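Student: Listed below are the residues making up each chain.
Protein chains: 2
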Amino acid sequence: MKKFINHVDTLLDESLRGFAKAHSDLVELNSEPRFVRRRQLSQSTKVALISGGGAGHEPLHTGFVGKGMLDAACPGQIFTSPTPDQMLAAAQAVESGAGVLFIVKNYAGDVMNFEMAAEMLDCPTETVLVQDDISLPKEHEIGRRGVAGTLIVEKILGAAAEEGAGLAQLKSLGDRVADNTVTIGVALTGCTVPALGGPTFDLPPDKIEIGVGIHGEHGRDVVDFASATEIVKTLCVAIEKEINPTRGQKILLHVNGFGSTTLMELYLIFELAHEFWSKKGLDVQRSLVGNYTTALDMAGCSITLTLLDDELIRLWDAPVHTPALRWGC
Amino acid sequence: MKKFINHVDTLLDESLRGFAKAHSDLVELNSEPRFVRRRQLSQSTKVALISGGGAGHEPLHTGFVGKGMLDAACPGQIFTSPTPDQMLAAAQAVESGAGVLFIVKNYAGDVMNFEMAAEMLDCPTETVLVQDDISLPKEHEIGRRGVAGTLIVEKILGAAAEEGAGLAQLKSLGDRVADNTVTIGVALTGCTVPALGGPTFDLPPDKIEIGVGIHGEHGRDVVDFASATEIVKTLCVAIEKEINPTRGQKILLHVNGFGSTTLMELYLIFELAHEFWSKKGLDVQRSLVGNYTTALDMAGCSITLTLLDDELIRLWDAPVHTPALRWGC
Numbered sequence: 005m006k007k008f009i010n011h012v013d014t015l016l017d018e019s020l021r022g023f024a025k026a027h028s029d030l031v032e033l034n035s036e037p038r039f040v041r042r043r044q045l046s047q048s049t050k051v052a053l054i055s056g057g058g059a060g061h062e063p064l065h066t067g068f069v070g071k072g073m074l075d076a077a078c079p080g081q082i083f084t085s086p087t088p089d090q091m092l093a094a095a096q097a098v099e100s101g102a103g104v105l106f107i108v109k110n111y112a113g114d115v116m117n118f119e120m121a122a123e124m125l126d127c128p129t130e131t132v133l134v135q136d137d138i139s140l141p142k143e144h145e146i147g148r149r150g151v152a153g154t155l156i157v158e159k160i161l162g163a164a165a166e167e168g169a170g171l172a173q174l175k176s177l178g179d180r181v182a183d184n185t186v187t188i189g190v191a192l193t194g195c196t197v198p199a200l201g202g203p204t205f206d207l208p209p210d211k212i213e214i215g216v217g218i219h220g221e222h223g224r225d226v227v228d229f230a231s232a233t234e235i236v237k238t239l240c241v242a243i244e245k246e247i248n249p250t251r252g253q254k255i256l257l258h259v260n261g262f263g264s265t266t267l268m269e270l271y272l273i274f275e276l277a278h279e280f281w282s283k284k285g286l287d288v289q290r291s292l293v294g295n296y297t298t299a300l301d302m303a304g305c306s307i308t309l310t311l312l313d314d315e316l317i318r319l320w321d322a323p324v325h326t327p328a329l330r331w332g333c
Numbered sequence: 005m006k007k008f009i010n011h012v013d014t015l016l017d018e019s020l021r022g023f024a025k026a027h028s029d030l031v032e033l034n035s036e037p038r039f040v041r042r043r044q045l046s047q048s049t050k051v052a053l054i055s056g057g058g059a060g061h062e063p064l065h066t067g068f069v070g071k072g073m074l075d076a077a078c079p080g081q082i083f084t085s086p087t088p089d090q091m092l093a094a095a096q097a098v099e100s101g102a103g104v105l106f107i108v109k110n111y112a113g114d115v116m117n118f119e120m121a122a123e124m125l126d127c128p129t130e131t132v133l134v135q136d137d138i139s140l141p142k143e144h145e146i147g148r149r150g151v152a153g154t155l156i157v158e159k160i161l162g163a164a165a166e167e168g169a170g171l172a173q174l175k176s177l178g179d180r181v182a183d184n185t186v187t188i189g190v191a192l193t194g195c196t197v198p199a200l201g202g203p204t205f206d207l208p209p210d211k212i213e214i215g216v217g218i219h220g221e222h223g224r225d226v227v228d229f230a231s232a233t234e235i236v237k238t239l240c241v242a243i244e245k246e247i248n249p250t251r252g253q254k255i256l257l258h259v260n261g262f263g264s265t266t267l268m269e270l271y272l273i274f275e276l277a278h279e280f281w282s283k284k285g286l287d288v289q290r291s292l293v294g295n296y297t298t299a300l301d302m303a304g305c306s307i308t309l310t311l312l313d314d315e316l317i318r319l320w321d322a323p324v325h326t327p328a329l330r331w332g333c
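For the record, the sequence lines run as chains V and L.
Take any residue in the first sequence, note its place counting from 1, add 4, and you have its number in the numbering used here.
Take any residue in the second sequence, note its place counting from 1, add 4, and you have its number in the numbering used here.
Just so you know, these hints were derived from the structure itself, not from any lab.
Treat the numbers as computed from the prediction; the structure is a model and nothing was measured.
Be aware that one or more of the hints could be misleading.
Identical chains share a label here; the pair holds if one copy fits it or two copies do between them.
Said to hold, decoys possible - Once the Cα atoms are required to be at most 25 Å apart in a straight line, the calculated DMTMM-like pairs of lysine to aspartate or glutamate come out as: (1) Lys6 to Asp225; (2) Lys7 to Asp17; (3) Lys7 to Glu221; (4) Lys142 to Glu119; (5) Lys254 to Glu279; (6) Lys25 to Asp313; (7) Lys7 to Asp206; (8) Lys283 to Asp17; (9) Lys6 to Glu221; (10) Lys25 to Asp287; (11) Lys284 to Glu244; (12) Lys283 to Glu234.
The following block holds chain V by itself, in its conformation from the complex (with noise of 0.2 Å):
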């Protein structure tokens, strides 16, 4: 495995420092328990809004830190959820009064300890549940995995955050965001994971993966390399025919890179992604086209989803200030 790494166990921290020293004006690092804060808290009372998940997959969620955005976000080690007791100090240091409202993709190391923070913590607490990937059915038994609509429900939620929101206001907000983004993916490779010192999976040079997870867990059916044209109405359509849009129906239309997918591929796969929803008759409103959320170094991508109304297209366009994510300020 050649990686810029000097050991693995040390990987992730030295990573997170190097990350706070760039970022200095926007985010502060506490080390034991890890998490990343916001430098500089609102001056108002607002919700905290708090995420986190394995690492692994940045810039999600570090670097979606500041204003607008989230309040701290705490890094388990590579795929691997963090403790509870990071979720416990980051919300003691972030809550400001007005309660914690936890985003949470689906996974269950990531739930369970959320929750477990949630329990531990003595102010009022939400949890928002994101798992926009549909490639596993509605009825799985897990649920559905968290994938890279999480970054929409964090700014969306974040704005409304910073607008003053409370709490019950924010876990309503951020449900109703949640049943609105779908996801699926597609994967070329699989990810380098520096513990294993090798790929999660191997595809043939013919073949793709479609509906990977971020992780690299297996999707829904392994077919034939294609063109890019083939490969985008193969995601697009089972987007389709899970939301079932109606015509002139507003889209948020996210096309995400899992790491080594070159920018150039990227909005390819965006021009022909807006092709085929405009062909639908579907209006894409905004959109949001990079390496947001990664899985290390697979080349791969995916297509977001986000049913739009007014609401949700004023908090998108609302200022943020993240190491990622910036616009309006």
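Chain V is already provided as a structure; the job is to place chain L on it using the hints.
Tutor: What follows is chain L alone, placed relative to chain V:
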């Protein structure tokens, strides 16, 4: 070659169309000849800043078109110089009466074609040549290559142009920034050029290449793979020998990924480089970490230092609003 692609010949245009759609608030695409321009030019007359070069380095240069940076960018095919008619048409589209400044990476084709465009234009022009890659000796017959430092020249000149600096002033400022910017890179792997269908070069599993160019040009040395600390030391010592900095010198430290290196690794490299320079008594005043000047899907990174003074810091901090770099507005 497993890449998201329909056809090698259409990749660039399809991708640029997606790029222009995703950032339609900021940029406009001209298809024939091919260039990307700011949608809305500054209201007052200002020097037009134009750059360009072969595609495959995204977000450089198209991602840096917008307020406070470039007025237009001319992408050639992958790793291929754009043609003079692209530069001429771009200049005619964005020139507003104060002349045109070309920012050119030092490659023979780029230099020649920008020169031809300048000759054909009937307005005053200047050119700033960027040759920040110290892996070649200063006396090299075709000079040093322009690499990741280019965006720093573009950002600082963009801010100065926005403030109303004249052509001569920008030329002098640009030369000063270019002279004070040095870069050296390291490759862990080659990159996959779509037209070749495979990698530009191969590195054995236990070797890395120091001083590699952003098209996979051979560097100084192929050496044994080593720890991140050792690799950073090798790169920083090469920079130190070149610039021989004095204690207390303010610097901008830019760690740039070549495409498929994770943010986790890049922040680790930043942490180690920050430590190296801090121990030497340098003052890391500003930083930038991410995949900004890529070599398609190459794994690797470069370290860039710009020696700062108060004027350069002020111009670096000035508002910028482009697809890939955005702050202060």
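Student: It remains to establish, for every hint, whether it holds in the given structure.
Tutor: Evaluated hints:
For the homomeric pair Lys6 and Asp225, the shortest alpha-carbon distance between copies (17 Å) is at most 25 Å, but the shortest distance inside one copy (30 Å) is not. Taking the shortest alpha-carbon separations for Lys7 and Asp17, only the intra-copy value of 16 Å comes in at or below 25 Å, while the best inter-copy value is 33 Å. When the C-alpha separation of Lys7 and Glu221 is checked against a cutoff of 25 Å, the pair qualifies both within a copy, at 22 Å, and between copies, at 20 Å. Taking the closest pair of Cα atoms, Lys142 and Glu119 come within 25 Å of each other only inside a single copy of the chain (22 Å); across copies the shortest separation is 60 Å, beyond that limit.
Proximity of Lys254 and Glu279 under a CA criterion of 25 Å is satisfied intra-copy only: 14 Å inside one chain copy versus 48 Å between copies. Only between protomers do Lys25 and Asp313 lie at most 25 Å apart by alpha-carbon distance; the minimum there is 20 Å, versus 38 Å within a single protomer. In this assembly of identical chains, Lys7 and Asp206 lie within 25 Å of each other by CA distance both inside one copy and across copies; the values are 18 Å within and 16 Å between. Taking CA atoms no more than 25 Å apart as the test, Lys283 paired with Asp17 passes between copies only; the shortest distance there is 20 Å, against 47 Å inside one copy.
Taking the shortest Cα distances, Lys6 and Glu221 sit within 25 Å of each other both inside one copy (23 Å) and across copies (20 Å). Proximity of Lys25 and Asp287 under a CA criterion of 25 Å is satisfied inter-copy only: 13 Å between copies versus 40 Å inside one chain copy. For a Cα distance limit of 25 Å, the shortest separation of Lys284 from Glu244 inside one copy, 9 Å, qualifies, whereas the shortest one across copies, 58 Å, does not. Taking the shortest Cα distances, Lys283 and Glu234 sit within 25 Å of each other inside one copy (15 Å), while across copies they are farther apart (53 Å).
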